[in-house]
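**Student:** Sequence:
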Amino acid sequence: MAAMSRLMPMMALSTFAIFLLALLATPTNALSNTEPHVHARGHDSIAKRKRNALKRAKRCRPKTSSLGAATSTSAAPSDTPAPTTHKASSHPPTTQAPSATPTTSKAPATTSAPPPPPSTGGGGGGLNSNKKLLLAWPNGPNDIGKWKGKNLWGIYTWSPYDANAASIGAEFAPMVWGAKQKSTFQQKINGADYTLCMGFNEPNQEGQSDMSVADGVNLWRQVMTPAGKQGCKLVSPATTSAPSGIQWVKDFQKACPDCQMDFIALHWYDVSLDAFKAYTEFYNTFKKPIIISEFACQNFNNGPQCTKDQTWALHTGIAKFAAENDWIALIAPFGAMRDMQGVNPFNQMMDNNGNPTDLGQFWLNGSWN
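Under the working numbering, read the sequence shown as residues 10 to 378, first letter to last.
One or more hints might be untrue.
For lysine-lysine, the following BS3-like pairs were computed, each having C-alpha atoms within a straight-line distance of at most 30 angstroms [unchecked claim]:
1. Lys140 with Lys159
2. Lys189 with Lys238
3. Lys263 with Lys157
4. Lys296 with Lys317
5. Lys296 with Lys191
6. Lys191 with Lys286
7. Lys263 with Lys159
8. Lys155 with Lys140
9. Lys155 with Lys329
10. Lys159 with Lys296
11. Lys191 with Lys317
12. Lys296 with Lys286
If you anchor each label on the Cβ, the simulated ranges turn out as follows [as the list claims (entries may be wrong)]:
13. Pro354 with Lys155: 14 to 22 angstroms
14. Lys157 with Gly240: 22 to 30 angstroms
15. Ser253 with Glu290: 17 to 25 angstroms
16. Pro354 with Lys159: 25 to 33 angstroms
17. Asn364 with Thr234: 37 to 45 angstroms
18. Gly312 with Glu290: 20 to 28 angstroms
Hints in this document: simulated from the structure, not taken from any laboratory. We put the beta carbon where it would ideally sit given N, CA and C, even for glycine.
Full structure from sequences and hints, please.
**Tutor:** So, in C-alpha coordinates, the structure goes:
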(Lines of atoms letter the chains of each structure in order from A and count residues from 1; the text may use other names and numbers.)
(Lines give C-alpha, C1' and ligand atoms only; values in the text may rest on other atoms or scores of the structure.)
Protein backbone atom coordinates (compact mmCIF):
# COMPACT_ATOMS: atom_id res chain seq x y z
CA MET A 1 0.00 0.00 0.00
CA ALA A 2 2.83 2.34 0.86
CA ALA A 3 4.33 1.69 -2.58
CA MET A 4 1.00 2.40 -4.28
CA SER A 5 0.60 5.65 -2.38
CA ARG A 6 4.00 6.75 -3.66
CA LEU A 7 3.14 5.79 -7.27
CA MET A 8 -0.15 7.69 -7.43
CA PRO A 9 1.39 11.20 -7.38
CA MET A 10 3.99 10.12 -9.96
CA MET A 11 1.26 8.80 -12.28
CA ALA A 12 -0.69 12.00 -11.84
CA LEU A 13 2.36 14.06 -12.72
CA SER A 14 3.07 11.90 -15.79
CA THR A 15 -0.52 12.25 -16.98
CA PHE A 16 -0.35 16.01 -16.51
CA ALA A 17 2.95 16.17 -18.42
CA ILE A 18 1.50 14.21 -21.33
CA PHE A 19 -1.51 16.54 -21.33
CA LEU A 20 0.78 19.58 -21.47
CA LEU A 21 2.80 18.08 -24.31
CA ALA A 22 -0.38 17.43 -26.24
CA LEU A 23 -1.48 21.01 -25.77
CA LEU A 24 1.88 22.32 -26.88
CA ALA A 25 1.97 20.03 -29.89
CA THR A 26 -1.45 21.00 -31.14
CA PRO A 27 -0.52 24.46 -32.51
CA THR A 28 2.52 23.03 -34.26
CA ASN A 29 0.49 20.36 -35.96
CA ALA A 30 -2.26 22.83 -36.78
CA LEU A 31 0.22 25.15 -38.47
CA SER A 32 1.84 22.39 -40.43
CA ASN A 33 -1.53 21.06 -41.48
CA THR A 34 -2.97 24.42 -42.46
CA GLU A 35 0.13 25.79 -44.20
CA PRO A 36 -0.71 24.01 -47.47
CA HIS A 37 -4.29 25.20 -47.12
CA VAL A 38 -3.15 28.79 -46.71
CA HIS A 39 -1.26 28.38 -49.97
CA ALA A 40 -4.25 26.67 -51.52
CA ARG A 41 -6.55 29.48 -50.54
CA GLY A 42 -4.40 31.83 -52.58
CA HIS A 43 -4.77 29.61 -55.61
CA ASP A 44 -8.22 28.14 -55.06
CA SER A 45 -10.76 29.99 -52.93
CA ILE A 46 -9.45 33.44 -53.79
CA ALA A 47 -8.88 32.38 -57.35
CA LYS A 48 -12.47 31.23 -57.61
CA ARG A 49 -13.65 34.66 -56.53
CA LYS A 50 -11.16 36.76 -58.47
CA ARG A 51 -9.39 34.40 -60.85
CA ASN A 52 -9.48 36.72 -63.82
CA ALA A 53 -8.41 39.72 -61.77
CA LEU A 54 -5.39 37.92 -60.37
CA LYS A 55 -4.32 36.64 -63.76
CA ARG A 56 -4.57 40.00 -65.48
CA ALA A 57 -2.96 42.07 -62.76
CA LYS A 58 0.04 39.80 -62.48
CA ARG A 59 0.70 39.73 -66.17
CA CYS A 60 2.68 42.85 -66.90
CA ARG A 61 3.57 44.58 -63.68
CA PRO A 62 7.35 44.84 -63.32
CA LYS A 63 8.82 43.56 -60.08
CA THR A 64 10.41 45.95 -57.62
CA SER A 65 13.89 45.01 -58.78
CA SER A 66 13.12 46.34 -62.23
CA LEU A 67 12.24 49.75 -60.81
CA GLY A 68 15.44 50.33 -58.87
CA ALA A 69 18.72 51.67 -60.12
CA ALA A 70 20.75 49.28 -62.23
CA THR A 71 24.45 48.71 -61.81
CA SER A 72 25.06 48.68 -65.54
CA THR A 73 23.34 49.98 -68.60
CA SER A 74 22.48 46.49 -69.75
CA ALA A 75 20.98 45.39 -66.44
CA ALA A 76 17.42 44.15 -66.66
CA PRO A 77 14.78 42.66 -64.44
CA SER A 78 15.92 39.21 -63.38
CA ASP A 79 12.51 37.59 -63.48
CA THR A 80 9.19 37.76 -65.23
CA PRO A 81 7.33 41.02 -64.82
CA ALA A 82 4.51 40.04 -62.57
CA PRO A 83 1.72 40.08 -65.16
CA THR A 84 -1.33 42.25 -64.55
CA THR A 85 -4.61 41.57 -62.87
CA HIS A 86 -7.69 42.69 -64.64
CA LYS A 87 -11.25 42.15 -63.63
CA ALA A 88 -13.18 40.02 -66.04
CA SER A 89 -15.53 42.93 -66.61
CA SER A 90 -12.62 45.00 -67.91
CA HIS A 91 -12.71 42.99 -71.11
CA PRO A 92 -15.55 42.95 -73.57
CA PRO A 93 -17.26 39.57 -73.89
CA THR A 94 -15.52 37.28 -76.32
CA THR A 95 -17.20 37.28 -79.68
CA GLN A 96 -16.43 33.67 -80.45
CA ALA A 97 -15.79 31.01 -77.84
CA PRO A 98 -13.48 28.20 -78.89
CA SER A 99 -15.37 25.13 -79.98
CA ALA A 100 -14.84 21.80 -78.27
CA THR A 101 -13.55 20.28 -81.49
CA PRO A 102 -9.85 20.96 -82.10
CA THR A 103 -9.13 22.88 -85.25
CA THR A 104 -6.17 22.69 -87.56
CA SER A 105 -3.24 25.05 -87.20
CA LYS A 106 -4.41 27.07 -90.15
CA ALA A 107 -6.00 30.43 -89.50
CA PRO A 108 -9.79 30.25 -89.37
CA ALA A 109 -11.63 31.84 -92.24
CA THR A 110 -13.26 35.15 -91.47
CA THR A 111 -16.90 35.75 -92.24
CA SER A 112 -16.37 39.20 -93.66
CA ALA A 113 -13.36 41.30 -94.44
CA PRO A 114 -13.06 44.50 -92.39
CA PRO A 115 -12.96 47.77 -94.29
CA PRO A 116 -9.48 48.95 -95.21
CA PRO A 117 -7.94 51.23 -92.60
CA PRO A 118 -7.01 54.80 -93.40
CA SER A 119 -3.56 55.13 -94.88
CA THR A 120 -0.92 55.89 -92.30
CA GLY A 121 1.85 56.64 -94.73
CA GLY A 122 5.36 55.42 -94.25
CA GLY A 123 4.43 51.73 -94.04
CA GLY A 124 4.32 50.95 -90.35
CA GLY A 125 5.67 54.24 -89.12
CA GLY A 126 8.97 53.95 -90.93
CA LEU A 127 10.06 50.69 -89.28
CA ASN A 128 11.23 47.60 -91.17
CA SER A 129 8.08 46.11 -92.71
CA ASN A 130 9.87 42.75 -93.10
CA LYS A 131 10.57 42.51 -89.36
CA LYS A 132 7.48 42.98 -87.25
CA LEU A 133 8.15 40.80 -84.21
CA LEU A 134 8.59 42.69 -80.95
CA LEU A 135 9.59 40.34 -78.14
CA ALA A 136 7.89 41.09 -74.83
CA TRP A 137 10.87 39.94 -72.79
CA PRO A 138 10.87 39.69 -68.97
CA ASN A 139 13.95 37.48 -68.58
CA GLY A 140 16.83 39.94 -68.36
CA PRO A 141 19.88 39.00 -70.44
CA ASN A 142 19.37 35.31 -69.62
CA ASP A 143 18.85 33.14 -72.69
CA ILE A 144 18.61 36.12 -75.05
CA GLY A 145 21.25 34.56 -77.32
CA LYS A 146 18.82 31.78 -78.22
CA TRP A 147 16.28 34.17 -79.69
CA LYS A 148 17.73 35.41 -82.97
CA GLY A 149 15.26 35.43 -85.81
CA LYS A 150 14.65 36.79 -89.29
CA ASN A 151 11.31 38.30 -88.20
CA LEU A 152 12.67 39.96 -85.06
CA TRP A 153 12.79 43.75 -84.97
CA GLY A 154 13.41 44.30 -81.28
CA ILE A 155 12.51 43.65 -77.66
CA TYR A 156 10.98 45.49 -74.75
CA THR A 157 11.11 44.57 -71.07
CA TRP A 158 8.25 46.52 -69.47
CA SER A 159 11.03 48.78 -68.15
CA PRO A 160 13.91 51.07 -69.17
CA TYR A 161 16.41 48.22 -68.74
CA ASP A 162 17.96 46.67 -71.83
CA ALA A 163 18.43 42.90 -71.96
CA ASN A 164 21.36 43.02 -74.40
CA ALA A 165 19.12 43.17 -77.44
CA ALA A 166 22.02 44.21 -79.67
CA SER A 167 23.68 40.83 -79.09
CA ILE A 168 21.02 39.21 -81.29
CA GLY A 169 20.85 42.05 -83.80
CA ALA A 170 17.68 43.50 -82.30
CA GLU A 171 16.73 46.97 -81.19
CA PHE A 172 15.70 47.78 -77.64
CA ALA A 173 12.60 49.86 -76.94
CA PRO A 174 12.68 51.29 -73.39
CA MET A 175 9.38 51.72 -71.57
CA VAL A 176 8.33 54.06 -68.80
CA TRP A 177 5.90 51.59 -67.21
CA GLY A 178 4.54 54.17 -64.78
CA ALA A 179 5.41 57.01 -62.46
CA LYS A 180 7.80 54.90 -60.36
CA GLN A 181 10.10 54.48 -63.36
CA LYS A 182 10.28 58.18 -64.11
CA SER A 183 13.82 58.93 -62.90
CA THR A 184 15.29 55.66 -64.18
CA PHE A 185 13.73 56.18 -67.59
CA GLN A 186 15.10 59.73 -67.75
CA GLN A 187 18.59 58.50 -66.87
CA LYS A 188 18.53 55.73 -69.46
CA ILE A 189 17.13 57.93 -72.21
CA ASN A 190 19.41 60.91 -71.67
CA GLY A 191 21.84 61.05 -74.58
CA ALA A 192 20.84 57.61 -75.84
CA ASP A 193 19.81 56.82 -79.39
CA TYR A 194 16.67 54.68 -79.33
CA THR A 195 14.30 54.26 -82.25
CA LEU A 196 11.18 53.71 -80.11
CA CYS A 197 10.27 54.81 -76.61
CA MET A 198 7.20 53.18 -75.10
CA GLY A 199 4.58 54.83 -72.92
CA PHE A 200 2.75 53.69 -69.81
CA ASN A 201 1.46 50.17 -69.20
CA GLU A 202 -2.34 49.98 -68.89
CA PRO A 203 -3.00 53.36 -67.24
CA ASN A 204 -6.73 52.58 -67.26
CA GLN A 205 -6.28 49.48 -65.11
CA GLU A 206 -6.12 49.11 -61.34
CA GLY A 207 -2.99 47.20 -60.38
CA GLN A 208 -1.07 48.49 -63.39
CA SER A 209 0.25 52.01 -63.95
CA ASP A 210 -3.32 53.09 -63.10
CA MET A 211 -3.36 56.86 -63.54
CA SER A 212 -5.77 59.60 -64.45
CA VAL A 213 -5.53 61.27 -67.83
CA ALA A 214 -4.30 64.45 -66.14
CA ASP A 215 -1.51 62.58 -64.36
CA GLY A 216 -0.69 60.79 -67.59
CA VAL A 217 -0.34 64.06 -69.49
CA ASN A 218 1.88 65.48 -66.76
CA LEU A 219 4.16 62.43 -66.72
CA TRP A 220 4.26 62.29 -70.52
CA ARG A 221 5.47 65.88 -70.74
CA GLN A 222 8.18 65.18 -68.18
CA VAL A 223 9.62 62.01 -69.67
CA MET A 224 8.30 61.28 -73.14
CA THR A 225 8.37 64.75 -74.66
CA PRO A 226 12.14 65.11 -73.96
CA ALA A 227 12.68 61.63 -75.43
CA GLY A 228 10.84 62.70 -78.56
CA LYS A 229 13.02 65.78 -78.86
CA GLN A 230 16.04 63.47 -78.86
CA GLY A 231 14.64 61.73 -81.92
CA CYS A 232 12.88 58.78 -80.30
CA LYS A 233 9.56 57.85 -81.91
CA LEU A 234 6.96 57.75 -79.17
CA VAL A 235 4.52 54.91 -78.54
CA SER A 236 1.26 55.77 -76.81
CA PRO A 237 0.27 54.35 -73.44
CA ALA A 238 -0.88 50.75 -73.96
CA THR A 239 -4.36 50.34 -72.54
CA THR A 240 -6.43 47.23 -71.96
CA SER A 241 -9.02 46.04 -74.45
CA ALA A 242 -11.84 47.25 -72.20
CA PRO A 243 -13.93 50.18 -73.51
CA SER A 244 -12.25 52.32 -70.85
CA GLY A 245 -8.91 51.73 -72.59
CA ILE A 246 -9.82 53.31 -75.88
CA GLN A 247 -11.61 56.11 -74.07
CA TRP A 248 -8.52 56.79 -71.96
CA VAL A 249 -6.39 57.32 -75.07
CA LYS A 250 -9.06 59.54 -76.65
CA ASP A 251 -9.24 61.65 -73.50
CA PHE A 252 -5.44 61.78 -73.34
CA GLN A 253 -5.20 62.99 -76.92
CA LYS A 254 -7.89 65.61 -76.28
CA ALA A 255 -6.22 66.82 -73.08
CA CYS A 256 -2.81 67.03 -74.74
CA PRO A 257 -3.13 67.73 -78.46
CA ASP A 258 0.54 68.72 -78.52
CA CYS A 259 1.71 65.40 -77.04
CA GLN A 260 3.61 63.54 -79.73
CA MET A 261 2.37 59.97 -80.31
CA ASP A 262 3.87 58.31 -83.38
CA PHE A 263 2.34 54.88 -82.68
CA ILE A 264 -0.74 53.64 -80.86
CA ALA A 265 -0.11 50.66 -78.58
CA LEU A 266 -2.76 48.20 -77.49
CA HIS A 267 -3.17 44.98 -75.54
CA TRP A 268 -5.56 42.28 -76.71
CA TYR A 269 -6.64 39.03 -75.04
CA ASP A 270 -9.44 37.06 -76.67
CA VAL A 271 -10.11 33.95 -78.74
CA SER A 272 -11.41 35.14 -82.12
CA LEU A 273 -9.46 36.32 -85.15
CA ASP A 274 -12.47 38.35 -86.28
CA ALA A 275 -12.54 40.08 -82.91
CA PHE A 276 -8.84 40.87 -83.22
CA LYS A 277 -9.31 42.39 -86.67
CA ALA A 278 -12.28 44.44 -85.55
CA TYR A 279 -10.45 45.74 -82.50
CA THR A 280 -7.33 46.80 -84.38
CA GLU A 281 -9.48 48.38 -87.08
CA PHE A 282 -11.22 50.44 -84.42
CA TYR A 283 -7.89 51.68 -83.19
CA ASN A 284 -7.32 53.28 -86.57
CA THR A 285 -9.61 55.99 -85.23
CA PHE A 286 -6.33 57.55 -84.17
CA LYS A 287 -4.89 57.36 -87.69
CA LYS A 288 -1.56 56.11 -86.37
CA PRO A 289 0.31 52.86 -87.03
CA ILE A 290 -0.34 50.26 -84.36
CA ILE A 291 1.91 48.28 -82.04
CA ILE A 292 0.20 45.32 -80.41
CA SER A 293 2.46 45.09 -77.37
CA GLU A 294 0.64 42.16 -75.72
CA PHE A 295 -1.72 39.54 -77.06
CA ALA A 296 -2.65 35.93 -76.38
CA CYS A 297 -5.38 33.41 -77.12
CA GLN A 298 -6.88 33.86 -73.68
CA ASN A 299 -10.44 34.10 -72.38
CA PHE A 300 -10.69 36.41 -69.35
CA ASN A 301 -14.49 36.28 -69.38
CA ASN A 302 -15.11 32.90 -67.75
CA GLY A 303 -15.53 31.12 -71.09
CA PRO A 304 -13.61 28.10 -72.38
CA GLN A 305 -9.93 28.52 -73.09
CA CYS A 306 -8.32 27.91 -76.46
CA THR A 307 -7.06 24.44 -77.25
CA LYS A 308 -3.55 24.04 -78.62
CA ASP A 309 -4.84 23.93 -82.19
CA GLN A 310 -7.04 26.95 -81.66
CA THR A 311 -4.12 28.85 -80.16
CA TRP A 312 -1.98 28.02 -83.19
CA ALA A 313 -4.81 29.05 -85.51
CA LEU A 314 -5.16 32.41 -83.81
CA HIS A 315 -1.41 33.09 -83.72
CA THR A 316 -0.86 32.18 -87.36
CA GLY A 317 -3.94 34.14 -88.40
CA ILE A 318 -2.78 37.22 -86.52
CA ALA A 319 0.74 36.91 -87.97
CA LYS A 320 -0.70 36.75 -91.49
CA PHE A 321 -2.94 39.74 -90.82
CA ALA A 322 0.03 41.71 -89.44
CA ALA A 323 2.21 40.81 -92.43
CA GLU A 324 -0.46 41.97 -94.88
CA ASN A 325 -1.16 45.34 -93.26
CA ASP A 326 1.48 48.04 -93.17
CA TRP A 327 -0.40 49.97 -90.51
CA ILE A 328 0.48 47.20 -88.02
CA ALA A 329 4.05 48.18 -87.24
CA LEU A 330 4.98 45.61 -84.60
CA ILE A 331 3.36 42.75 -82.71
CA ALA A 332 4.39 41.20 -79.39
CA PRO A 333 2.78 37.86 -78.50
CA PHE A 334 2.73 37.25 -74.75
CA GLY A 335 4.67 34.06 -74.07
CA ALA A 336 8.48 34.42 -74.20
CA MET A 337 8.83 33.28 -70.59
CA ARG A 338 8.89 30.16 -68.45
CA ASP A 339 6.05 31.25 -66.17
CA MET A 340 2.93 32.29 -68.09
CA GLN A 341 1.52 34.10 -65.05
CA GLY A 342 -1.95 32.65 -65.40
CA VAL A 343 -2.24 33.05 -69.17
CA ASN A 344 -3.23 29.97 -71.21
CA PRO A 345 0.00 27.88 -71.42
CA PHE A 346 -0.64 26.96 -75.05
CA ASN A 347 0.59 30.51 -75.80
CA GLN A 348 3.99 29.73 -74.28
CA MET A 349 6.92 30.50 -76.57
CA MET A 350 9.77 29.46 -74.24
CA ASP A 351 10.58 26.02 -72.85
CA ASN A 352 12.08 25.29 -69.44
CA ASN A 353 15.61 25.60 -70.85
CA GLY A 354 15.03 29.06 -72.26
CA ASN A 355 14.77 27.88 -75.86
CA PRO A 356 11.97 28.88 -78.23
CA THR A 357 9.12 26.39 -78.44
CA ASP A 358 7.62 25.53 -81.82
CA LEU A 359 5.37 28.55 -81.41
CA GLY A 360 8.36 30.71 -80.53
CA GLN A 361 10.22 29.48 -83.60
CA PHE A 362 7.22 30.29 -85.77
CA TRP A 363 7.24 33.88 -84.60
CA LEU A 364 11.01 34.21 -84.89
CA ASN A 365 11.67 32.48 -88.20
CA GLY A 366 8.43 31.18 -89.70
CA SER A 367 6.57 32.42 -92.74
CA TRP A 368 3.73 34.71 -91.67
CA ASN A 369 2.06 34.83 -95.07
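**Student:** Give a verdict on every hint.
**Tutor:** Taking the hints in turn, this is what the structure says about them:
no., hint, in the structure
1, Lys140 with Lys159, "7 angstroms, holds"
2, Lys189 with Lys238, "22 angstroms, holds"
3, Lys263 with Lys157, "40 angstroms, violated"
4, Lys296 with Lys317, "35 angstroms, violated"
5, Lys296 with Lys191, "28 angstroms, holds"
6, Lys191 with Lys286, "34 angstroms, violated"
7, Lys263 with Lys159, "39 angstroms, violated"
8, Lys155 with Lys140, "18 angstroms, holds"
9, Lys155 with Lys329, "24 angstroms, holds"
10, Lys159 with Lys296, "28 angstroms, holds"
11, Lys191 with Lys317, "40 angstroms, violated"
12, Lys296 with Lys286, "16 angstroms, holds"
13, Pro354 with Lys155: 14 to 22 angstroms, "20 angstroms, holds"
14, Lys157 with Gly240: 22 to 30 angstroms, "27 angstroms, holds"
15, Ser253 with Glu290: 17 to 25 angstroms, "19 angstroms, holds"
16, Pro354 with Lys159: 25 to 33 angstroms, "26 angstroms, holds"
17, Asn364 with Thr234: 37 to 45 angstroms, "40 angstroms, holds"
18, Gly312 with Glu290: 20 to 28 angstroms, "23 angstroms, holds"
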